[in-house]
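> Spelled out from the first residue to the last, the chains are:
Number of protein chains: 6
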Amino acid sequence: MRNVIVKNIARADAATIGLLGQLGVATVHEAQGRTGLMHPSLRPIYPSARAAGSAVTVSCQAGDNLMVHAAMDVVQPGDMLVVTTRSPSTDGMFGDLLAESCRAHGVAGLIVDAGVRDVAEISAMNFPVWSKAICAQGSVKATAGSVNIDVVCAGALVHPGDVIVADQDGVVVIPRESAQEIAQLGEARRQREERSRERLRAGELGLDMHGLRKLLSDLGVEWIEGPSG
Amino acid sequence: MRNVIVKNIARADAATIGLLGQLGVATVHEAQGRTGLMHPSLRPIYPSARAAGSAVTVSCQAGDNLMVHAAMDVVQPGDMLVVTTRSPSTDGMFGDLLAESCRAHGVAGLIVDAGVRDVAEISAMNFPVWSKAICAQGSVKATAGSVNIDVVCAGALVHPGDVIVADQDGVVVIPRESAQEIAQLGEARRQREERSRERLRAGELGLDMHGLRKLLSDLGVEWIEGPSG
Amino acid sequence: MRNVIVKNIARADAATIGLLGQLGVATVHEAQGRTGLMHPSLRPIYPSARAAGSAVTVSCQAGDNLMVHAAMDVVQPGDMLVVTTRSPSTDGMFGDLLAESCRAHGVAGLIVDAGVRDVAEISAMNFPVWSKAICAQGSVKATAGSVNIDVVCAGALVHPGDVIVADQDGVVVIPRESAQEIAQLGEARRQREERSRERLRAGELGLDMHGLRKLLSDLGVEWIEGPSG
Amino acid sequence: MRNVIVKNIARADAATIGLLGQLGVATVHEAQGRTGLMHPSLRPIYPSARAAGSAVTVSCQAGDNLMVHAAMDVVQPGDMLVVTTRSPSTDGMFGDLLAESCRAHGVAGLIVDAGVRDVAEISAMNFPVWSKAICAQGSVKATAGSVNIDVVCAGALVHPGDVIVADQDGVVVIPRESAQEIAQLGEARRQREERSRERLRAGELGLDMHGLRKLLSDLGVEWIEGPSG
Amino acid sequence: MRNVIVKNIARADAATIGLLGQLGVATVHEAQGRTGLMHPSLRPIYPSARAAGSAVTVSCQAGDNLMVHAAMDVVQPGDMLVVTTRSPSTDGMFGDLLAESCRAHGVAGLIVDAGVRDVAEISAMNFPVWSKAICAQGSVKATAGSVNIDVVCAGALVHPGDVIVADQDGVVVIPRESAQEIAQLGEARRQREERSRERLRAGELGLDMHGLRKLLSDLGVEWIEGPSG
Amino acid sequence: MRNVIVKNIARADAATIGLLGQLGVATVHEAQGRTGLMHPSLRPIYPSARAAGSAVTVSCQAGDNLMVHAAMDVVQPGDMLVVTTRSPSTDGMFGDLLAESCRAHGVAGLIVDAGVRDVAEISAMNFPVWSKAICAQGSVKATAGSVNIDVVCAGALVHPGDVIVADQDGVVVIPRESAQEIAQLGEARRQREERSRERLRAGELGLDMHGLRKLLSDLGVEWIEGPSG
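Chains as they are written, first to last, in this note's numbering: chain U, 143 to 371; chain R, 143 to 371; chain S, 143 to 371; chain L, 143 to 371; chain Y, 143 to 371; chain B, 143 to 371.
Looking at chain U on its own, in the form it has when it is part of the complex:
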């Protein structure tokens, strides 16, 4: 296998990325037909973490963050680092020094299907990170890997330049080519949900709003009075 660092990638436009980020993971995931969601084992290191950006992908040996350093040479402001390891690991692939470097270069956030450390410091910097573990175990810088190749991260396929949206609900990947369309579908969905929200707030039931009473009846579900009826 040839290891490469791809210097230039195509990115979605900033307005689209911004809109996707405002819509949030759940709405975007729905808008693209419930695809692209990473495994729920990825969690933000602090509750208010929220980010969106273009994926700069990093494929590393487990416990070796050499290629994360290499990726810093090709990031642009607004990018999201998406770091995977070639075998399962909880070792800390990223710490506060790399977070400083990310901040200096405008990186929007980090997704890592492994561990992270210095989380108190990184949280204080308000630099958002999603990881499957918090672990002080550090990394070496010794083994070749690649930057900006297709990777699988927490069960989702990520192409370099895909849009990543992450918040408390998890992490979703939007293929770059369809980002604009998904943003529009998502915005339409958000508006529909806003109208639903008003009706539900006023006390209307989902059963009535979605016309589900007939479905329940068709499925043979029976309404019975119960002991105190």
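Possibly wrong hints are sitting among the right ones.
Said to hold, decoys possible - In the DSS-like style, the derived pairs of lysine-lysine whose C-alpha atoms are separated by at most 30 Å in a straight line are:
| id | chain 1 | residue 1 | chain 2 | residue 2 |
| --- | --- | --- | --- | --- |
| 1 | S | 283 | B | 356 |
| 2 | S | 356 | U | 283 |
| 3 | S | 356 | B | 356 |
| 4 | Y | 283 | Y | 149 |
| 5 | U | 356 | R | 283 |
| 6 | Y | 283 | R | 283 |
| 7 | B | 283 | L | 283 |
| 8 | Y | 356 | U | 283 |
| 9 | L | 283 | R | 356 |
| 10 | U | 356 | L | 356 |
| 11 | R | 356 | S | 283 |
| 12 | Y | 283 | U | 356 |
| 13 | Y | 356 | L | 356 |
| 14 | U | 149 | U | 283 |
Bear in mind the hints are in silico, worked out from the structure with no lab data behind them.
Put chains R, S, L, Y and B on the given structure of chain U with help from the hints.
Just chains R, S, L, Y and B now, kept in the frame of chain U:
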């Protein structure tokens, strides 16, 4: 298997439920002989979550929240939704729109042995939820299930109308018939603990307060000086 | 197997313990050659938890905290309780009453490779705890165990009197004999990191700061332009 | 909580139990509307394990098998022991001596939502056991519990006298009252499956046999040729 | 998202697939630079399971095997079914009737990142299956999905027509385009390993065979005599 | 941290090791007061695996088996390799070539708190291995570690030269100094168990054999007739 929605259930009185909620999970669990605790994999979505109410139980196909909508038709203010799936799943069974509906109808909280999404919005509403996963994956509304039948949720048996108490320590089920007795036993326990607390705060040791020195000796535990003694 | 309570243990000096605590888990772990880290399943019960102290070790039957009470008889201000069970368990081995007792006797914190309960109350007291579960299930006080013997806690070997440092990144054990040396190595490391931080903040890349470009080249990693280059 | 040993329980008739056992877990689970399945973490200790019988339920303190011994006093030939612990545990609750005792008293098998040991010896005896762990850690005999009360085992509710069917596919509980009906439904299902099997063996597709082509079309699934079409 | 069934896919030649299968997972994984390995949670349902074939990929709703039936319409003798679900699930997606159908149509085996049932019957047929769970919970046939699109299965990206090799060591994916090259590299590796095997069998040490003594010395590893030296 | 290869270690005598191996894990674990058991996540790669020997301990970087090769230089016939990694990993640390080397040098078996590969070949050689994963992912040979230092393996402390006994029930460590005493205690226990076995086989109950009826009564457990009594 017949699927039913039981419209009326017997509930414990509000004063008892209120007292059980103030006592909290650990004290109530002790008061009823260490029974009825759900599995610790259920966690609150925000640290200050705390709730108590009468169980309206919901049995769903995994990934299908049709019956949660059905349950909203039979809830009363102060009820707790207890949602289970018929096979293991982390899909999001509940989101912010359902939380709005719960708020509108006075539901006190949600226990779900599966996933939840829109947790930032639900936390901002201060609507308490305990789940085993946070996951943006949405649900369909297609398969029959039941409301207000006996269910097993996170390892605990719940009858409709049982009292649910939930806080940072987890979730406990109190059978409706014994709720009043358990509340009294719990209050007595709380008062005893308050007295113990004062003594411990003053520096008395548990060994002396509980008379455990003799037990240690009977068990053959030896006190030895150690290297620097 | 003989069960003992060792009354006196050798401890590191307070200044060394204080310095190790300021350095934090990640720096200390690096300073001692990446040894002594407990498994990342141990997590603090509240995000700002941070503590350091001398290990008073406790070996308990699962679900039985008799020996934790016994340990309270031998603790000194500044000690950390390190509690293990003889088989895997998530039962709550510690609650708010024991936390009051710890506070009264100056205990700095608790590490427990099992469960803890009353976490809202303990968090409000600002008493730091690291555990692998939060669980209301209480303990009995019936079975012999030992205090201040060598124990394995969450995969790490702990001798009585070893220094324990714990924060959001996890828990690390520093052998008492090498604590002073590790504190010095850690402080030197911290200062080096501070200088690195300044350079990274100014935009310098880790690739250049650590001289990694040649390594990438030696490893055969190729830089290529990419689709939009 | 009162602890009891219920000496007499109602049981299903032997012919029904025998038929359910022949049908196996998957067929019986289908026949009763996909209810009553235990969690897949329960696995047989040897591949050919297969058993059916009337549940004698045992509720134990974790790590304490006193009540398993008590249960031996009330078993009858053909019964299945169903052992649960009051908090999660992997300790070995059962070993070869208890297996000898079970054999002597005609017990058909053991379901335990905890650990088992002496599995080489128990396998050599051909005594079937389903457990969530294999673990040499032994039990004490010190704490009260109950025999023949309702229990939750691996997520399924079991009443004393319910029929338990277990094989390589897992463990399913059939309520005693419906056992005969479920056996008949299961037998009918088995015969239907036998006819399906012949048609599938002959090369007919499930798509055609179940009439699913129209459903695919209604769902909007498109058939496309593909690169080499 | 459009759901499709792609009828024709390109496949590697049978000789190459056969050779890859003989080489086995570990050798093939090495030969392609340690890429393409599925997560070790996938295990064979019987120890001697071993298979290789061209991937026919299936993307399903969790708990719904409609698309597995659709896939049977496009398989060719020698294909391997690779079944994924759109959210995590352990439900049984495949049973003995589908195994009969696979046998009738020459399918070489099944990889499923979910559950399987009827494992006694499927094992008796000697039809090889790798799954992450064994679970009697059945599937519905109700929701659209796709056949022969790119999928992520147990963490590995699979394109339709890629070669799948599976044995006791796990499951590996070989991109179709490089299958022939990997087979050759793998065969060369196998021959080198055969020569190594002979030398090791004769007592030569890996340290000497691989020239590692100097590396140990360069790394600063010291040889010391020890207590009984 | 200094990395060392300790060439000579003290070992228990062969007769003691042989007797401990015959007694098996469960009996030995009991004989030494239920200490020294490794975590049940370690499982044998084939059911009949059974071994005992003197521990040659190996501490490795995760994913790096250089030190396993180094250990082969100091093993003696009858030794057991005990391999740990410095952070959690499932990578395959051992394969069939190392198994050939072990066979050539008389190594009795392998305990590894990580992964193993080539399990079909190793099983065919009848070389016993206990691991926490089966995984084709291979190792590099690049990082320093140690041989024959104290290690923690799967939660148990192992000193070089301690006796390791492993079978289907798991893995137990017996400190070398107490091996002879534990073997005698274990043999006495085995004989007692043999007598118990005869009585249980004859139908006597554990309740009577261990005099537990009075204990049940003292604990307040009530015998009641039940519905069909």
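> Please go over all the hints and tell whether each is borne out by the structure.
Hints, verified against the model:
For a cut-off of 30 Å, the pair hint linking residue 283 of chain S to residue 356 of chain B stands: about 21 Å separates their Cα positions. For the suggested pair residue 356 of chain S and residue 283 of chain U, the alpha carbons sit about 12 Å apart, so the restraint of at most 30 Å is met. For the hint linking residue 356 of chain S to residue 356 of chain B, the alpha-carbon distance of about 78 Å lies beyond 30 Å, and the restraint is violated. In summary, the hint linking residue 283 of chain Y to residue 149 of chain Y is supported, as the alpha carbons are separated by about 20 Å, within the 30 Å threshold.
With a C-alpha separation of about 12 Å, the suggested pairing of residue 356 of chain U with residue 283 of chain R holds against the 30 Å cut-off. Of the pairs offered as hints, the one joining residue 283 of chain Y and residue 283 of chain R holds, with about 15 Å between alpha carbons and a cut-off of 30 Å not exceeded. Using a Cα cut-off of 30 Å, the hinted pair residue 283 of chain B and residue 283 of chain L is violated, with the two alpha carbons roughly 50 Å apart. Between residue 356 of chain Y and residue 283 of chain U, the direct Cα distance comes to roughly 21 Å. Compliance with the 30 Å bound is thereby established for this hinted pair.
Of the supplied pair hints, the one linking residue 283 of chain L and residue 356 of chain R holds, its CA atoms being roughly 21 Å apart against a limit of 30 Å. Of the supplied pair hints, the one linking residue 356 of chain U and residue 356 of chain L holds, its CA atoms being roughly 23 Å apart against a limit of 30 Å. Under the criterion of a C-alpha separation no larger than 30 Å, the hint pairing residue 356 of chain R with residue 283 of chain S is consistent with the structure, at around 12 Å. For a cut-off of 30 Å, the pair hint linking residue 283 of chain Y to residue 356 of chain U stands: about 21 Å separates their Cα positions.
Taken as a hint, the residue 356 of chain Y and residue 356 of chain L pair is broken in the structure, with Cα atoms around 69 Å apart against an allowance of 30 Å. With a CA separation close to 20 Å, the supplied pair residue 149 of chain U and residue 283 of chain U stays within the 30 Å bound.
Going down the numbered hints, you'll see the structure goes against 3, 7 and 13, while the others check out.
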